[in-house]
Structures are given as C-alpha cells and as structure tokens.
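In the order they appear, the protein sequences are chains X and B.
Take 1 as the starting number for the first sequence in the UniProt record's numbering and just add one per residue.
Take 1 as the starting number for the second sequence in the UniProt record's numbering and just add one per residue.
Treat the hints with care, as some may be off.
Identical copies carry no separate label here, and so any pair may be met within one copy or between two of them.
[As the list claims (entries may be wrong)] Straight-line distance between alpha carbons at most 30 Å, and here's what the computed DSSO-like set of lysine-lysine pairs gives:
no., residue 1, residue 2
1, Lys-96, Lys-150
2, Lys-229, Lys-590
3, Lys-3, Lys-96
4, Lys-235, Lys-586
5, Lys-429, Lys-186
6, Lys-429, Lys-726
7, Lys-541, Lys-590
8, Lys-146, Lys-96
9, Lys-96, Lys-235
10, Lys-590, Lys-186
11, Lys-663, Lys-553
12, Lys-235, Lys-775
13, Lys-96, Lys-123
14, Lys-590, Lys-123
Calculated from the structure, these hints are not laboratory results.
Each chain, letter by letter, is given below.
2 protein chains.
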Amino acid sequence: MLKYDAGQREWTNWLVRETCFDPNHQGKAEAIFSLGNGYMGLRSATDERYVGQIRNWFVAGTFNKFHENEVTELPNVADVTELQILINGETFSLEKGETRHYSRELNLKTGELTRDIVWESPKGGTFQLQFKRFVSLSNLHVVASKVSIKPLDCEADVQIVSGINGQWTNSGAQHFTEGEKRIFDKTYIQMTSTTTESGIDFVTHTVHQWSLDGSRLEPELRQTMGRRKVGIEAKVNVPMGSCLEMEKISSVHTSRDLIYGKRDYSLDFMRNAALSEFKQEASKGYDQLFYESANVWENTWSAYNIEIDSASGYDQLAIRFAIYHLVIMTPAHDNRMGIGAKGLSGEGYKGHSFWDTEIFILPFFIYSNPVVARSLLEYRYQGLEGARRKARENGFEGAMYPWEAGWIEDGEVTPVWGDVDIVTGEQTKIWSGFIEQHITADIAYAVWHYVQSTGDLEFMEQYGYEIIFDTATFWASRLEWDEEADRYHINQVVGPDEYKEHVDNNAFTNHMAHFNMQLAIQYYEKLQQERPDLLQHLENKLNLAAAREQWNKLHQLYLPEPNNLGIIPQDDTYLGKKIIDLTPYKNQTKVASIFSDYNLDQVGEMQISKQADIMMLFFLLENKFEPAVKRANYDYYEPKTLHDSSLSLSTHSILASDFGDRKLAYDLFLRATEIDLGPNMHSSDAGIHSASLAGVWKCVVMGFAGVRMLDGQLHLNPKLPESWNKLKFPLYWHNHRLLITLTPEDVLIEADTEESISLHVLGQKVNVHQRIQIKM
Amino acid sequence: MLKYDAGQREWTNWLVRETCFDPNHQGKAEAIFSLGNGYMGLRSATDERYVGQIRNWFVAGTFNKFHENEVTELPNVADVTELQILINGETFSLEKGETRHYSRELNLKTGELTRDIVWESPKGGTFQLQFKRFVSLSNLHVVASKVSIKPLDCEADVQIVSGINGQWTNSGAQHFTEGEKRIFDKTYIQMTSTTTESGIDFVTHTVHQWSLDGSRLEPELRQTMGRRKVGIEAKVNVPMGSCLEMEKISSVHTSRDLIYGKRDYSLDFMRNAALSEFKQEASKGYDQLFYESANVWENTWSAYNIEIDSASGYDQLAIRFAIYHLVIMTPAHDNRMGIGAKGLSGEGYKGHSFWDTEIFILPFFIYSNPVVARSLLEYRYQGLEGARRKARENGFEGAMYPWEAGWIEDGEVTPVWGDVDIVTGEQTKIWSGFIEQHITADIAYAVWHYVQSTGDLEFMEQYGYEIIFDTATFWASRLEWDEEADRYHINQVVGPDEYKEHVDNNAFTNHMAHFNMQLAIQYYEKLQQERPDLLQHLENKLNLAAAREQWNKLHQLYLPEPNNLGIIPQDDTYLGKKIIDLTPYKNQTKVASIFSDYNLDQVGEMQISKQADIMMLFFLLENKFEPAVKRANYDYYEPKTLHDSSLSLSTHSILASDFGDRKLAYDLFLRATEIDLGPNMHSSDAGIHSASLAGVWKCVVMGFAGVRMLDGQLHLNPKLPESWNKLKFPLYWHNHRLLITLTPEDVLIEADTEESISLHVLGQKVNVHQRIQIKM
C-alpha cells in the first residue's frame, strides 16, 4: 500500500510512503524507491533477505555479455546492502513475529530511503528498528546506510552479519569472475572482480562503524570469507531502551570510470586510489556524507523543480517523482553512456537504450538541462561506427542505429528470443533488432530538435551533421522501388506499434524517413552556402556527393495520407484487418493480457495496437497534420490501442491537450503517472519506466503548458487542467533560462538574460525582456 | 530436530525423521535426506522456497569450469523441484501462519522422501499437505514428486506455479548457457542448455498430472517463460475435505551419458530420444515409477544390508544411513566418474574426488561389490594422463595423481585460494594441489588392496601394473638426496594432517612412498618371472628399465621410526613444537574453531593436528608396527588432534578396536556416525561426508569385525562393542560372497560356493566349506 500525502510541512508532496510490507509485492518498492546518481543505480531491496527479493546494483556503462549467444547487459555488482540481523538468536524478518509499526519512505528532496519498524519477535521481545540509506549525489561512488536497533522491553544480544556478497546474478547470469577478497586492518573490506567478457575491473569496498547511545563501540569482529563473499560478524549486547547504531559505508569504482580510461591504467593503481578515496569518505560517517549529498540534491531541485498548485497534491508529487528518477537514471557524468529503458532500477531491458531516450527523455533535458541533452546525443555520435556496421551487415549504407544500444562500440544488442508462443510452445522471435528501423530517423530528429532549441552549432559541426547525413544515407539505401506503384516503399518493418510485425509502409516510419532525408538535404544546402569548408571535410569522410544524389529519392517516397474518412492507414494492411472487442484487455492491471488468449501472429491479424503509432507521428511532425485529422485518428485508433507500452498514455495525453480536450488530457496524465507510482504492485517489477516518467514531464510541459519548437521557434499554448491553479517550470531556450508561470488567468515569463527573447504565446509572437505577463 | 526411532514394524530402523522445520537449519535435512542414484544427486530442498535454502541437482561427471581462473565443478542443473503454492491467495510457507503438524522423513529402504504437514494459513484456513519425492534407482534419469493438498475446514482455490528454473547457480557461478525453452502440446516442458566451457548438453523435462479425489483433472494451464525459466501455472478449486493431487515427473539427460559418447552424437538426436523416453516414463505415473525404483532398492539392500542387534536401534539405523548414501553417491554406471567428497549432495569440494575414495570408500566396495570397486579404479586409470601431465608440470617423472580429481582428462583441479587469514586479511593459499602428494601412493595402495582381495588379475594386466609402476616412478623422481644424512628425504609436503604445511619427511608420506616403490619392484619381479610378454609391453609403454633402476632409491629412503619414547615423529619438526591446551577447540559443534584465534601459520607452529596422520599409517600398513607402538602413539597424538576432518574419528575408532579398547572404539564410532546423522544442524551444510560415511562402515566391518587383508590373506578379529548381540554382514573375497554372523559367543561364516575358502579367524587359519561356526 502506497501513501502519497505522507509529507508534512517542508516535506509536503516530497514523500512516497509504503505503509505495509508484503513479500509478494517487493518489486514495486524496490524499483520506485530505487536510489542512484546516474553513475550507479541501487534497487531498494530490504536489508534483510526475503524470498522474491531482487537485489540490483548497477554501474552505468559497464556492459558485459554472459555468453556469445546472448547480448550485453548491465551486470549486478556484488551486493553491499544485505544485513542479516539476529536479535537474541532470532533472525529479524517481517514474515515472523508481529510488525507493530511499519513505514518505508523515499524522500524525493534528499534522496534518502528510510524504514521505521516496531517488531515483536516470535519469542516476544519488542524492538524498534530504523534503516536509512542513500546513494551519494556528491561523491558518485558512495553508498551509505545506517541501522538503529532499540530493544523496548528487554535487553538484546544483537548479532549482525554483513559484508560484500558477489553471489548475486542477473536472473541466473553471472557476469563476474570470483576475483579477490581482502580485509584490511580487520576493518576495510574489499572485493575486486572483473566482468567475464568485457574485462571491466570492479573494486568494491565496505566498512562498518558502531555506536551505542551515540558512543563509539569497537565490537570484536569475526572475519568471514566464502565463495564470492567476504564480510564480518559482530555481536553486541544492547540494554533495554538503549540504541545500537551501525553505519555501513560502501563504494564502487570500475576501470570504465572516465579517469581510468587512459593508457597507463593498472588494476593496482585503481585499487589503491579507490581504497584511499574510500577511507577518506568513510571517515566522514553517514551524517556528514548525507549532508553533502543532500546539498547537491538541493541544488538539483533548484534547477529542475516544477511547481503545481492543484486540487490534488498528488500531481505535484508525481512530477517530482518523475524528475527524481530522471536525475538518478541519467549518466550525465559520461558521454559514452546512454539511459536504460528501466534506468538503473532493474534488470528489465538489460540497461539498453531505445528511441525512448531521444523521443521521450531528451526533451526534458533539452528544455531543462541542455548540457545533459548534448551528452546523450554525443553518446549516439560515438555509436555511429556500430550503426554503420549494422547497416553493412544488413546490406545497407550509411548508419542504421541499433534498436537497442549498450556500450558505444557494441552496435545492435537487441536479444533475439522472447517469451513463449502459447500456440506453438516455442519461444517467439524478437524482430525489433532487425526491422524496427524508425529509431534511425528518431535520432536524426532528436539532433535537429536539440540544435533548433539550443542553437548549439558547435555540436552540429562536431557531431550533428554527420549523424543526420549518414542516417539519411541509410534511408536512401533502404527504400524499395515499387514498379507498379511507381514510387518508393519501405516494406517489412515494425513501427512503434510492435503488435504489427513485417508491415509495409508504416506511416510513422515512412514519414520519419522522409523527414530524415529532407533534413539532410536542408543541412547540406545550408553548408554549401555557409560552410563549404566543413562540407568538404564531411564529403571526404562520408562520400557525401554520392549520398546527396541518393537522398533525392525522398521525392518519390510514398507518404501515407488520410483516406476519405480522414484516417491515415497505420500501414498497408491495418485498416483491412478484423476488429474485436478489446474491453477485456484494456485497463488491465497486467499489460499484454491479450497474449493469454492469442499469440502474436493472431494479434497481428487484427486491428489491435500495442501503443501510440500514428499519434507519435502527430506529436513529432505536428504541423504536417490538421487538428481535425488528429482528432479523427485519435478516435479511430485509441479504442484499438491497448497501451501495453508505457510510452503510449503520455503521448495520448499530449495529443488530447493538442486538440483541446483538457479533461481527457488530465485523465491520461493521471494514468501515465500511475504506471510506476500508482497502486499496481507489479508494474515496476523489472524496473521503473524511464520514458514513461519523462512522458509525465512531457504531459505537463509539452501538453498542459503546450511548449513546442516549431520551425525553430518556441511556442507556448497553455491548456491547464481544470483543477490546476498554477504551473511553474524552468525552460531553457537558446542558452537562456526562462521561468514560466501559468495560471488560468495569465502567463508569466521571466528570463535570466538582458537579451530579448522572442517566442509565440497562444499563437502570438511576443518578445521577453526579462519579464512579461500576458493575460489569457 | 531429528528423530531416529520413528520407524515401526517393517520400517524399524529404516526411517530418519525431522520433527520440526527451522529455516536456519535447512542445510542439514537438505543434505542428509538427499536423494540420488549415482547418475544424479538431488539435494532435498523443500518444494516451496525459503531464504537460506540451497537447491542442488547434480549429474555425476558433468564438470564445467566457470572461468579460466577457477577449477571445474559439478554444475547445478536447472531445478525441477520448486513449487509455488498459493492457497486462497496466500503463499504456502511454514514461516507464516501456524504449523499444526510437521514431519519430514527419509525412508532409507525405499529411497522416498515424505513431508506431512497440517498448516493453518495466516487468514485462518487449515490445510493438510503431503509432499513425496524420489530419484529413481530403476531409470537413472527420472525424478518424481507428488503433492497432495486437502482443505480441512474450508474450500480452497489452489494455485500452483511450477516448471523448470535455470536461474540457480553454484553459489553465484552460472555454468549453463540460457539455452532453449519449449513446451510441447501445452504439456511437456523442456529446457536445453549447454555448459559454458566443457560444452556438455543437458536436456531437462518435466510434466504435471492432476487429480481430485483420485479422478483425473485437466486444469487450464497458463504457460510461462522468463529468463532461464519455463513453466506452467494452474488454479484448481478444491472443496472442503477433498484432496487435490499433483504429480510432477521430471528427467535429465546429458551428452556425457555413456550412450551418447559416440562420434555421431547430435543434440537433436539426444533431445528426441530423451523426450520420447521421458514421455514413456511419465505416462507410468508416480506410483508405478516408485514401485519400479523401490524394487531395485530392495535388491540393493539384499546385497548390502548389515544387521546389527544392539541395545540401541540407532546403531542399525546409522549403518543403513551410511550404506544408503554410499549407494546414491557412487556413479557405478560409468567408469569415467569418481565419487565426490560430498557425494552428489552439496556444492562442497565441487564434486571432486580425493584420497577419500581409495582409502575410505573403496574398501566398502572391495568387500561388498567388487565390480564397483573396479570401476572406481578404472576411473583412476583413465586419469593417468592427467597425472603424468601434473608430474611433468611439477618437474617430476611418472604419474603424480591430482589431489582433487574431476573429469578424467582434467588432471589437477584443486582450487588455489581458500578462506580468509584472520591475521593478514588475505585469502589463504591452498597448498594441497601442489604438495599434498601422498594421494599418489594411496591410489597404488588401493590397486594392491583391490587385487589382493579380489584376485582380479585381468584388472592388473589391463590397468593395475601401469598405475603401480608409473606412481613408483613418480616417487623415485620425487626423492631428494640429503648429503649430510646420506639418505633420501621427501621435503616440503602436506601429510594427511593438513594443519602442517611444507613439512619435511611426513612419516605417512615417506612410508607410503616406500610401500609404493616396493610394490612396483615386487610386481616387476613377478612379471619378469611369470609374464615377460606383458612386462615387455609395459616396458615399451613406460620406459620401465630406466624406471626400475630408479625405484632402487627406496632402499635409501628415510623412514621415520619410533623414538626412545615409542613415538614416531609425524614429521621432522612436529615433536619440537609448542603444546597448548586444545580443550576449547575439541568437541566443538563447529569444526576448525581454532582459526577464530590463530591463523594457519600460527597453528603450524604448534603440536596441533587436524586429523589422523600417524594413525592412518598404522591402519594402512598395520603389520609394520607393534600394537604397543600404536597405543603409545594414539595416546600421544590423539589429545593433539582436533578431528577437524571427518576422516579422523572413524580411523581412530578402528585403531581403538585394533588395540582392543572396545569402549573407546564404540564411542568413536558413535561420534563418527554423528558427523552427518547427529544433532549438529550445520555439519552437513555443504553436503554429506562421503568418506566419513564409508568410515562408519569401516568402524563396523574393519574395526568391530576386524576384517583385514594381510599378506593376501583374509583376517577376521571380532571385537564387538559390549552392547552388541549380533553383527551380520556380507563379505566378498576372491569372487565369492561370504555371509559373516558375529555374536559375543561365536563366529558363523557362510559361503556361496562349493570351493573351500581359507581365512584367519582370531589369528587361526580356518577353511570354510559352505559354512563354519567357531566359538569365541
């Protein structure tokens, strides 16, 4: 059970609380309460172990392949969070005895996870326990935790077993060598291990500090080692009413850390540096480390905070929850790394990056922190070689981006086999890595979106043109001439709607490919005019003259348009397929419930969509389509859409805002926020939904506030939900920070610059000099 | 809590029962109740999952190496035993609700494990559950289980989640590829996977059959697949008082199976054959499969059973328990496989074979089932190439057997790193693989023991001479000339007492090396006389002429003899070391407790022994030493011996029998039986102690009955414990089966042959013609 209004006073709408513990629903809190800093993500499994628990600790970018027949994934680092606690000989477990009080809460403002428990053991003693934990936003390598145990009605022999445990796997796949274990000075515990295929060295440290009623204790520690394990055990007698506290400070460093990416790297050098840094950090203790981290969180919230004054505090909480996760999921420190579809909060999608980043998450950074947006696009630039390799391997030219991307050099890493086919009993083949090709255009689109909104020409010169040109070249080579129709087609693809495989002329794909090539031609011509030197440089690198010729094919590319009923066919065959009543499968607590009754081949033969497809096209290329067309298509496709992808609801909400249905838009926004934060206790088992959380931000800023970049201009078309009295958010535009405050009555825009900034508010062009207030 | 007298009537002294379930003590019952047939071993983890559970399923001989820096081990096969049971939505778990009745028992006679439970769920319904399980001794590939659920005071929606789960690892090391998952006819579940380094294919099957009050049910099955998992879910409504039964029949086949060891092997061929065999077996159902297996168990007990009539039924139970495990641990079906130090009942020692097999376990088979003894020695013959490689790599000649052996071709597989050194905080180095060299002589000794007791000259001609000659050649190359002492020494070894590393002239090692070379000379001379053709053949193969020359060094080998106090120095420095009071460390429930206070270097500097060392020498070369010397050395060394090895107590018991202390011998026998069967709930966590269980048999047959082979003659010197009225056991001697019945008054010997068999009873030579009774 989750409680959303737990925060009082300064914590109002900053706390998410779990009010009872159910071992069958551990995945929920583990994922949505997960901690992190972009360098690492720590799933919030409880300190004590339960069946069904999933203990994950990931370091961004440290991909490894378990076996040559598998794809790379982020490996589970040796765990430092588990504590076995025995009180008077009884193992502490909420499955035993009686739980008199229970609360676990994540403080979004400080990034601290706290658990408060009053537990009566089976033998009858009552104990008050508090667990605290955070991942430092100040020193990216540090995790700290603290447990306090107070016997309320008896004395207690408290025994704690702790250390580093490298036995954890990714659902059975072990990515690390056994490595080396070491205890220094009977105090500092160290484990060094290496990923089996990618050869990344990890060094993990942990240390314990004890106190009784605030006075430092030095209990006798028994040192233990086992297979993939090293640790300590200690026993302390705690008088009734006294409080035992144990702090556990841990760190992780890897040879993939930027500072070790040098030629003179040696494991010993890293290990010594890491130990020395760790000793210094650990000496500060939990409270000081927390203070330092919370300070950075405070600055982060100053930069990102969105204020919502609405009838329900939940709206405010939901946007903070989304931003909290956007911060902790993003490896902003390293442009060789992307954002995983589950962030760093679970094993789902193996830490891989999808179009989710460019189309859903990037807008948040473009408009809130463009430096990070650039880093994410630089990651794609560094992935160009892998994209070119994929193109070659598939018989194409230019750059064909991987559907799933991991380490920059690895190219395509989509797994090939999925879940069981209920009809044949065989595993289904995942086609996305081969034929879900729109991502290549999505990335080109994102580059354009970034540069149009930031004006970062230096990025374009270094990276952007190359991406746009080489992706256009891919599309040109990909088009298939149809003699009969006398035009180019794009056959045999998967569009955004993944319930339709091997379709011809998916409207989204065709339009986006067209956009990609058109963009290349525009930039080519611009460079011809303005920067012939740069064009020459790129010419040499990319064989542009021949490519430019090929791009012209776009003029003969078939672009699906509305039929006589105003409906754009999602692909060549969709509209001719059978329609069934989807009521039983919509609004299910379990996604993909359709597959209990049909297999993918059967679903493919009906007008059933997994997610927004045509709607995505309307959102990305919004001024190519009339509002009436959008509404008609919405009304046609939405009833056929199961929203089985977490990318779907937020897109529909924005479209509803676009055609002015505020009630529907708000309702869809609420449903989008509930994908992770809502009461469904299993939806986040494999990790939070990165793109969906960014979608929550998009609903607010791009939907309700109507922020868009159109033809290089900033637009603001507010349509606040009925129940909202105020929406205030920061917005970056061409290197300047605007602060937008919307009320039902007016629009207030404040800028951080002396320069005049022009934008369009409700279709009217306005110039902002520091501050402007416009009546609605 | 274990109960030893649970069996009534036909089951008297056949049942071991656990009377309450403690999640902190799961390892005990998992290991000592483990099931198997020598082809496979299945640790008896409960069907439902608990924290701390270790689920192991091993197939003998299927070694794999997780990483090049590790050694091979038996990998954990994908689990088929786990069931998640939800009753009216509540997960069945003995940690929740109230357990009204609990009993889990292993039937040693039939090999069936049964668990009977009456459970009141937290919400309040009361349910009677029974779980049964066995590993077939009839079809070595088959495991079967059955669960019955009867709601006693309500109706129940029973949901069962079951299948094959390949997420399990060996303490974090995953040995299998993800492989392929498949469900045939929505019924037969199949998982195919391959070991990562050794490339052994495994195919595992499982199927479920349901009935309600005996009538077949066909509940709707939901098919599920996940990472490394494939299975089904079903929900059945069970009226109050009705009984739902679900049978789960499973099988495993591997490409290492003897019948697939051919050139034309293909995975598809094996998979099809396995599926077809599986369907046929599964169609029989649990009861028929159990009947077939129990029949084979009945024959097995006819062959092996030992009858003990004593004041305590526990003695009878203990020897049956030992024989049960000797049967299930031994891969009698395949001479390419040895016996693991923990059998197939746990991850301890990785399934590797030590001297435990030849010195502790082999005598059981020599005297009870010589065909199996020969198979085990053939395993060592096939390991000769690995032994020669080890000799070469260590700079020696001949065959230097691995301290730990796995797959026949792999040679030495002892791990290099052990537990933490509490002084330095570093991992301790395990020296056994380098310098615990006596195993080479132990194997030669075992060959001699086997052939002297069986007269199997054909074995000698094919395998035995080669082992004895090449091991002697190793020792000749191993001896070190000591100029000062004018004799050969063997320096820098570990003897049986592993608490003394890098010692010079360990008495056991020197005497056994001497024995090994002497044996080679004897056989060489015998062959010169009797089989010059065979000698010529071996000469060509082993370069014997040069070797024969080298063996002569034995005459100058230093053999430690009793000093003026009658004490044989265990090694050159032992007797000069410090003596401390070991009382705090003896009879501990935890072995190796000395290392909480000292590290191995410090223990090495004191007169502290891990286990029998000189005593082993007395046992193996018993007529080289006078009884008075034995007693004096026993009295000297035993107080310094911690019995931290499970090989120690049984050896001491036999020695006590040898020098006539019946009370001491019986007391040590009891302590030896308790290593696994006793009340210490953690002693078997890593698996049962194979050699200790064989040691229990040795205490009885070689100790109390005084069975020995001396100079090729069979000797019987009964010294029954005071409380024993009768001991009856089978005994093979030179291809004939004797049945020996001992009472305090007389010795009865019955033979299965017309031939006269001569042996020595209490030092007097007697000839047995079918039957002889001798008064004591």
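Checked hints:
{"no.": "1", "hint": "Lys-96 with Lys-150", "verdict": "both (18 Å within a copy, 25 Å between copies)"}
{"no.": "2", "hint": "Lys-229 with Lys-590", "verdict": "between (37 Å within a copy, 20 Å between copies)"}
{"no.": "3", "hint": "Lys-3 with Lys-96", "verdict": "both (24 Å within a copy, 26 Å between copies)"}
{"no.": "4", "hint": "Lys-235 with Lys-586", "verdict": "between (54 Å within a copy, 23 Å between copies)"}
{"no.": "5", "hint": "Lys-429 with Lys-186", "verdict": "between (52 Å within a copy, 19 Å between copies)"}
{"no.": "6", "hint": "Lys-429 with Lys-726", "verdict": "neither (48 Å within a copy, 68 Å between copies)"}
{"no.": "7", "hint": "Lys-541 with Lys-590", "verdict": "neither (49 Å within a copy, 70 Å between copies)"}
{"no.": "8", "hint": "Lys-146 with Lys-96", "verdict": "both (23 Å within a copy, 28 Å between copies)"}
{"no.": "9", "hint": "Lys-96 with Lys-235", "verdict": "both (21 Å within a copy, 27 Å between copies)"}
{"no.": "10", "hint": "Lys-590 with Lys-186", "verdict": "between (49 Å within a copy, 22 Å between copies)"}
{"no.": "11", "hint": "Lys-663 with Lys-553", "verdict": "neither (43 Å within a copy, 100 Å between copies)"}
{"no.": "12", "hint": "Lys-235 with Lys-775", "verdict": "neither (68 Å within a copy, 61 Å between copies)"}
{"no.": "13", "hint": "Lys-96 with Lys-123", "verdict": "both (10 Å within a copy, 15 Å between copies)"}
{"no.": "14", "hint": "Lys-590 with Lys-123", "verdict": "between (40 Å within a copy, 25 Å between copies)"}
Checked against the numbered hints given earlier, the structure breaks hints 6, 7, 11 and 12 and satisfies all the rest.
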